[in-house]
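Colleague: Here are the chains, one letter per residue:
2 protein chains.
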Amino acid sequence: MAIVFDETNLLARMVGDADGITPEELAAAEPLAAQALAGVKALTEAGVIGFPNLPKQTALAGEIVTYAGKVKGSYDTVCLVGIGGSALGAWALDCAIRGPHPVQGDHSAAKPRLVILDNVDPEFVQLALASMKPKKTLVVVIAKSGATAETVATFLIVRAWLAAGVGAKGVKARVVVVTSEGRGDLKVMATNEGYTTFHIPENVGGRFSVLSAVGLVPAALIGVDVPALLRGAAKMTATAWKPDLASNTPLRAALLHFLSLTKKGKTIQVAFPYANRLWGTAFWFRQLWAESLGKAKNRAGVVVHVGQTPVAALGTTDQHSQVQLYMEGPKDKLFTFWAVKKPADPGAIPAEKTGLEGFDYLTGQSLAKLLDVECKSTQAALTENQRPNCVFTLDRVDAEHVGMFFQLLEFETAFAGEMLDINAFDQEGVELGKKFTFGLMGRKGFADFKKRYTDYEARRKG
Amino acid sequence: MAIVFDETNLLARMVGDADGITPEELAAAEPLAAQALAGVKALTEAGVIGFPNLPKQTALAGEIVTYAGKVKGSYDTVCLVGIGGSALGAWALDCAIRGPHPVQGDHSAAKPRLVILDNVDPEFVQLALASMKPKKTLVVVIAKSGATAETVATFLIVRAWLAAGVGAKGVKARVVVVTSEGRGDLKVMATNEGYTTFHIPENVGGRFSVLSAVGLVPAALIGVDVPALLRGAAKMTATAWKPDLASNTPLRAALLHFLSLTKKGKTIQVAFPYANRLWGTAFWFRQLWAESLGKAKNRAGVVVHVGQTPVAALGTTDQHSQVQLYMEGPKDKLFTFWAVKKPADPGAIPAEKTGLEGFDYLTGQSLAKLLDVECKSTQAALTENQRPNCVFTLDRVDAEHVGMFFQLLEFETAFAGEMLDINAFDQEGVELGKKFTFGLMGRKGFADFKKRYTDYEARRKG
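Heads up: the sequence lines are chains A and B, in that order.
For the first sequence, the residue numbers in the working numbering are 58 to 519.
For the second sequence, the residue numbers in the working numbering are 58 to 519.
Please keep in mind that the hints were generated in silico from the structure rather than gathered at the bench.
Take these hints with a grain of salt, some might be off.
What the hints assert, rightly or not - Residues of chain B placed beyond 12 Å of chain A at every Cβ, according to the derived structure:
| hint | residue |
| --- | --- |
| 1 | Thr115 |
| 2 | Lys129 |
| 3 | Ala206 |
| 4 | Gly222 |
| 5 | Gly239 |
| 6 | Arg309 |
| 7 | Thr366 |
As the list claims (entries may be wrong) - Pair by pair, the computed Cβ-Cβ distance ranges are:
| hint | chain 1 | residue 1 | chain 2 | residue 2 | range |
| --- | --- | --- | --- | --- | --- |
| 8 | A | Glu120 | B | Lys190 | 48 to 56 Å |
| 9 | A | Glu87 | B | Ala99 | 56 to 64 Å |
| 10 | A | Glu488 | B | Asp483 | 41 to 49 Å |
| 11 | A | Val359 | B | Glu81 | 47 to 55 Å |
| 12 | A | Ser304 | B | Gly519 | 16 to 24 Å |
| 13 | A | Ala84 | B | Arg517 | 17 to 25 Å |
| 14 | A | Gly421 | B | Gly224 | 50 to 58 Å |
As the list claims (entries may be wrong) - Straight-line distance between alpha carbons at most 30 Å, and here's what the computed DSSO-like set of lysine-lysine pairs gives:
| hint | chain 1 | residue 1 | chain 2 | residue 2 |
| --- | --- | --- | --- | --- |
| 15 | B | Lys193 | A | Lys410 |
| 16 | B | Lys507 | A | Lys398 |
| 17 | A | Lys426 | B | Lys190 |
| 18 | B | Lys320 | A | Lys399 |
| 19 | A | Lys426 | B | Lys398 |
| 20 | A | Lys491 | B | Lys518 |
| 21 | B | Lys491 | A | Lys399 |
| 22 | B | Lys508 | A | Lys518 |
| 23 | B | Lys399 | A | Lys492 |
| 24 | B | Lys388 | B | Lys410 |
| 25 | B | Lys192 | A | Lys168 |
| 26 | A | Lys426 | B | Lys501 |
| 27 | B | Lys410 | A | Lys492 |
| 28 | A | Lys190 | B | Lys426 |
| 29 | B | Lys388 | A | Lys508 |
| 30 | A | Lys399 | B | Lys518 |
| 31 | B | Lys410 | A | Lys507 |
| 32 | A | Lys193 | B | Lys410 |
| 33 | B | Lys98 | B | Lys113 |
| 34 | A | Lys410 | B | Lys320 |
| 35 | B | Lys320 | A | Lys518 |
| 36 | A | Lys507 | B | Lys398 |
| 37 | B | Lys292 | B | Lys98 |
| 38 | A | Lys193 | B | Lys190 |
| 39 | A | Lys492 | A | Lys518 |
| 40 | B | Lys508 | B | Lys354 |
As the structure is a computational prediction, the values presented were derived from the model and not from experiment.
A virtual CB, placed ideally from N, CA and C, is assigned to each residue, including glycine.
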């Protein structure tokens with residue numbers, strides 16, 4: 058069981074000094090890596106951040122698995138109501154372990170479907186409700202604050218839909234809540250109505266919460282091997298505390314990505330899985346990297362407008378969509394391939410010849426080989442075009458490796474935040490938009506923002 | 058029926074001179090717009106490009122609809138084998154008209170499911186095959202060249218799977234081919250085996266082909282209203298030939314996006330639909346914009362490394378994932394919102410009060426209002442942070458509007474290519490990776506590239 062990081066094609070000797078990291082730059086930055094490791098360790102020991110300790114929560118995992126065992130068979134659909142960090146981890150897990158829709162195939166009580174309501178698009182919610190049966194649906198509502206507008210609005214609709222289908226008294230048995238322990242309106246409602254409830258530690262933010270109840274509850278309900286997930290994450294945690302760059306994969310990856318951003322101007326990181334099962338994880342990573350590192354100010358309060366824009370691409374698919382730009386367009390990108398060493402199925406191509414030149418060089422080979430060759434060919438072509446790239450190689454896509462990979466990327470992000478000297482754990486930038494929304498929806502205390510919005514509209518009219 | 062473009066928040070008076078376009082810059086660029094219009098017109102009249110004329114192909118559309126009517130009821134799954142421009146248009150249409158998976162709900166002969174095999178990931182293909190029944194699957198193979206490695210490899214597997222399920226003689230009735238008329242191994246096989254075949258005009262490239270047989274065949278097979286699609290596209294075509302910027306929406310959008318890129322350094326365009334139904338279209342657009350405009354050289358052969366990286370984001374969902382970066386990170390982005398004026402369902406939120414402050418300001422309102430308010434609030438907050446943004450507003454998401462929107466974005470891309478003085482219709486940058494793949498897979502004539510790859514591997518080892 059392993060995830061290997063190969064940074065060769067990020068180095069100056071492969072892509073040139075203008076785009077690649079020189080040995081001198083790497084050597085000069087090593088103290089920064091040590092400092093980042095110490096910084097994340099200090100934050101963890103002070104209890105400021107909680108994600109490094111989540112793999113140890115085996116008691117909580119046990120409770121969740123027990124609960125899932127108890128309700129098993131009573132539903133064919135898990136309907137997750139949540140947004141952002143409350144939804145993306147569950148999607149990543151569903152996609153990784155059971156494959157992407159629609160190829161997951163038919164659902165049943167033995168193989169429940171995960172429907173994620175992570176948007177307030179009314180047509181989307183209406184389609185979702187039409188596709189589910191209240192008597193066979195288990196609703197998981199997830200909101201750390203307990204008052205996320207989108208989640209609350211959607212849950213009010215889903216709750217009424219449940220009540221119409223199973224009766225007001227029946228709702229209780231069909232709702233599970235994941236929220237903060239000591240605060241929030243969702244917690245109050247859960248207590249009043251008697252919903253089964255699991256808690257999110259205060260020091261675990263949404264994008265770092267997949268291994269808390271936020272990810273583990275839906276995971277257990279759709280049959281993901283929760284102990285294996287935590288086992289993988291625990292192994293990676295041990296790796297992440299190692300002091301040397303050679304063995305500390307997340308720290309080394311953070312340093313190389315940091316140098317590519319700050320020394321070589323690679324303002325975009327393309328997360329490039331060559332596996333459909335990792336597509337959900339790419340979107341989970343996209344939040345982690347964007348929200349943690351995209352900041353207006355550094356910790357000293359100096360305006361920096363820093364960050365690296367994460368882009369999700371899928372191989373081989375996006376070779377026929379994005380790679381033209383990646384090869385020839387602006388040199389503003391670094392590419393992080395996510396490869397899988399041993400697909401569970403080779404995908405044998407029939408050996409029978411067709412007599413057609415464009416077909417017969419493929420007959421008798423396998424999709425696994427073609428996928429691997431295309432991944433390596435794309436890396437080689439990028440490298441020859443001075444486009445820096447690197448690879449995470451997972452042995453397999455299973456619960457243990459996905460747990461490892463989540464923890465790897467969370468540690469890498471935390472380390473990169475330290476290197477950039479920013480607070481990787483807040484998200485002040487989304488507050489203004491939220492306040493405008495509250496103002497326009499008529500929430501008490503936000504009339505000033507309604508006024509400010511009206512002034513903006515007047516300015517638009519010129 | 059309309060699609061409106063609002064560029065107010067791209068202008069200097071809203072976001073400042075450093076990030077917004079000044080009246081002087083706009084006035085100075087107007088001749089360039091006229092030149093771009095003339096350029097695309099000349100290419101069309103010379104027959105170099107064919108997409109502007111696709112909406113007129115009503116005879117072809119009639120044949121396709123007739124064929125779809127004939128086979129209707131004989132399948133519950135349409136399995137599309139194709140990649141890039143051969144797959145993304147069909148996905149965009151399926152998602153727009155029937156909603157995204159998994160909320161589309163159960164499939165049946167009356168409501169067939171579209172399964173797109175656009176990757177050679179063996180686990181993905183294996184899951185897909187396990188989810189389909191050969192006797193109830195209609196396979197559509199799409200490849201303009203007739204020799205795309207991924208499509209050929211997948212089709213060889215799917216063909217054997219069909220033969221195992223329906224017998225070798227039964228395969229013929231379960232396969233439809235879309236390819237070039239006069240060339241390619243897929244065309245030869247289709248002729249030899251007697252597959253129903255539709256053709257792609259030579260002057261229509263993959264990313265501009267959604268309104269050719271490439272998009273229309275799968276669309277008709279899943280019940281999309283093909284005449285409405287073409288009707289919408291025809292209306293937009295008329296708009297795109299208008300000489301004045303005020304009424305020519307695609308030309309105005311192209312000019313403003315071009316100026317944001319070249320004068321204000323906005324190297325990333327976020328396509329930001331506030332509608333799950335437009336998520337597939339965002340991925341279709343991502344290919345169109347990236348592959349058309351990402352070029353190493355201009356038409357004079359000068360190295361320019363030009364292009365704008367398209368990023369797909371979904372509102373409100375990505376407010377909780379990407380907007381922190383968008384508000385506070387590097388000022389390298391422009392945002393193009395895709396809003397829908399009249400959702401088919403308002404998504405009424407129950408009026409009953411809960412007694413909870415964080416819930417009760419929402420009760421009795423609607424998801425449609427919340428979605429609209431969040432979209433506008435995000436625009437306002439971006440504007441106050443000097444982040445230029447603009448909006449396409451579609452009245453509705455239906456076949457007619459999607460047809461209009463495809464054509465709008467195709468024209469916009471073609472115009473932007475003229476303004477950048479590049480060839481927007483080739484994709485030379487993907488050739489090197491393909492050649493390495495051919496070499497490593499042992500295709501005849503590519504031994505040199507196998508050697509070149511081996512040399513690269515040796516350099517990596519240092």
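Colleague: Give a verdict on every hint.
Modeller: Verification of the hints:
no.: 1; hint: Thr115; verdict: holds, 29 Å
no.: 2; hint: Lys129; verdict: holds, 20 Å
no.: 3; hint: Ala206; verdict: violated, 7 Å
no.: 4; hint: Gly222; verdict: holds, 14 Å
no.: 5; hint: Gly239; verdict: holds, 15 Å
no.: 6; hint: Arg309; verdict: holds, 17 Å
no.: 7; hint: Thr366; verdict: violated, 6 Å
no.: 8; hint: A:Glu120 <-> B:Lys190: 48 to 56 Å; verdict: violated, 41 Å
no.: 9; hint: A:Glu87 <-> B:Ala99: 56 to 64 Å; verdict: holds, 58 Å
no.: 10; hint: A:Glu488 <-> B:Asp483: 41 to 49 Å; verdict: holds, 45 Å
no.: 11; hint: A:Val359 <-> B:Glu81: 47 to 55 Å; verdict: violated, 33 Å
no.: 12; hint: A:Ser304 <-> B:Gly519: 16 to 24 Å; verdict: holds, 20 Å
no.: 13; hint: A:Ala84 <-> B:Arg517: 17 to 25 Å; verdict: holds, 21 Å
no.: 14; hint: A:Gly421 <-> B:Gly224: 50 to 58 Å; verdict: violated, 23 Å
no.: 15; hint: B:Lys193 <-> A:Lys410; verdict: holds, 27 Å
no.: 16; hint: B:Lys507 <-> A:Lys398; verdict: holds, 21 Å
no.: 17; hint: A:Lys426 <-> B:Lys190; verdict: holds, 26 Å
no.: 18; hint: B:Lys320 <-> A:Lys399; verdict: violated, 47 Å
no.: 19; hint: A:Lys426 <-> B:Lys398; verdict: violated, 48 Å
no.: 20; hint: A:Lys491 <-> B:Lys518; verdict: violated, 51 Å
no.: 21; hint: B:Lys491 <-> A:Lys399; verdict: holds, 23 Å
no.: 22; hint: B:Lys508 <-> A:Lys518; verdict: violated, 63 Å
no.: 23; hint: B:Lys399 <-> A:Lys492; verdict: holds, 25 Å
no.: 24; hint: B:Lys388 <-> B:Lys410; verdict: violated, 43 Å
no.: 25; hint: B:Lys192 <-> A:Lys168; verdict: holds, 24 Å
no.: 26; hint: A:Lys426 <-> B:Lys501; verdict: holds, 17 Å
no.: 27; hint: B:Lys410 <-> A:Lys492; verdict: holds, 22 Å
no.: 28; hint: A:Lys190 <-> B:Lys426; verdict: holds, 26 Å
no.: 29; hint: B:Lys388 <-> A:Lys508; verdict: holds, 27 Å
no.: 30; hint: A:Lys399 <-> B:Lys518; verdict: holds, 23 Å
no.: 31; hint: B:Lys410 <-> A:Lys507; verdict: holds, 23 Å
no.: 32; hint: A:Lys193 <-> B:Lys410; verdict: holds, 27 Å
no.: 33; hint: B:Lys98 <-> B:Lys113; verdict: holds, 16 Å
no.: 34; hint: A:Lys410 <-> B:Lys320; verdict: violated, 55 Å
no.: 35; hint: B:Lys320 <-> A:Lys518; verdict: holds, 24 Å
no.: 36; hint: A:Lys507 <-> B:Lys398; verdict: holds, 21 Å
no.: 37; hint: B:Lys292 <-> B:Lys98; verdict: holds, 16 Å
no.: 38; hint: A:Lys193 <-> B:Lys190; verdict: holds, 26 Å
no.: 39; hint: A:Lys492 <-> A:Lys518; verdict: holds, 22 Å
no.: 40; hint: B:Lys508 <-> B:Lys354; verdict: holds, 27 Å
Consistency note: the structure conflicts with the earlier hints numbered 3, 7, 8, 11, 14, 18, 19, 20, 22, 24, 34.
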